[in-house]
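A.B. asks: Sequence:
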Amino acid sequence: MPAWRESPDGLLLSVRLTPRGGRDGLDGVETLADGREVLKVRVRASPSDGEANAALVALLAKLLGLPRSRVTLVAGASARSKTVLLEGDSATLLARLAAFLAAG
1 MPAWRESPDG LLLSVRLTPR GGRDGLDGVE TLADGREVLK VRVRASPSDG EANAALVALL
61 AKLLGLPRSR VTLVAGASAR SKTVLLEGDS ATLLARLAAF LAAG
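Its first residue numbered 1, the sequence shown is counted upward by one per residue in this note's numbering.
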């Protein structure tokens, strides 16, 4: 199962977040033991009071050129594995994400 899939509203990302990761950034795609793929993301923020989730939203919005209001955490608020909705044209968002991953 790929790390992203199209939805009626845009693109859904499966993310594995590492809080207190030393820097903010995408670390590529990882395949988990159960065969699912996740986008590996690390943020400097701590996991307390939702700081890491807010940093995740801000990072994805910045990297993909979206307003923060178009990036929503839809599942996994208190877990390392999260689902994030990127609102917009899924083909455009996927192209931006693929370009960023290829450059990294």
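There could be a bad hint or two in this list.
As the list claims (entries may be wrong) - Taking lysine to aspartate or glutamate and the EDC-like style, the derived pairs with C-alpha atoms no more than 20 Å apart in a straight line are:
#, residue 1, residue 2
1, 62, 27
2, 62, 24
3, 40, 27
To be verified - Distance windows between CB atoms, simulated:
#, residue 1, residue 2, range
4, 100, 31, 31 to 41 Å
5, 102, 48, 15 to 25 Å
6, 69, 34, 11 to 21 Å
7, 28, 76, 30 to 40 Å
Hints were generated in silico from the structure; no laboratory data involved. Note that the Cβ used here is the ideal one computed from N, Cα and C, for glycine as well.
A.B. asks: State for each hint whether it applies.
C.D. replies: Here's how the hints hold up against the structure:
no.	hint	verdict
1	62 / 27	holds, 16 Å
2	62 / 24	holds, 11 Å
3	40 / 27	holds, 5 Å
4	100 / 31: 31 to 41 Å	violated, 19 Å
5	102 / 48: 15 to 25 Å	violated, 34 Å
6	69 / 34: 11 to 21 Å	violated, 33 Å
7	28 / 76: 30 to 40 Å	violated, 19 Å
The structure is inconsistent with the numbered hints 4, 5, 6 and 7, although it conforms to all the rest.
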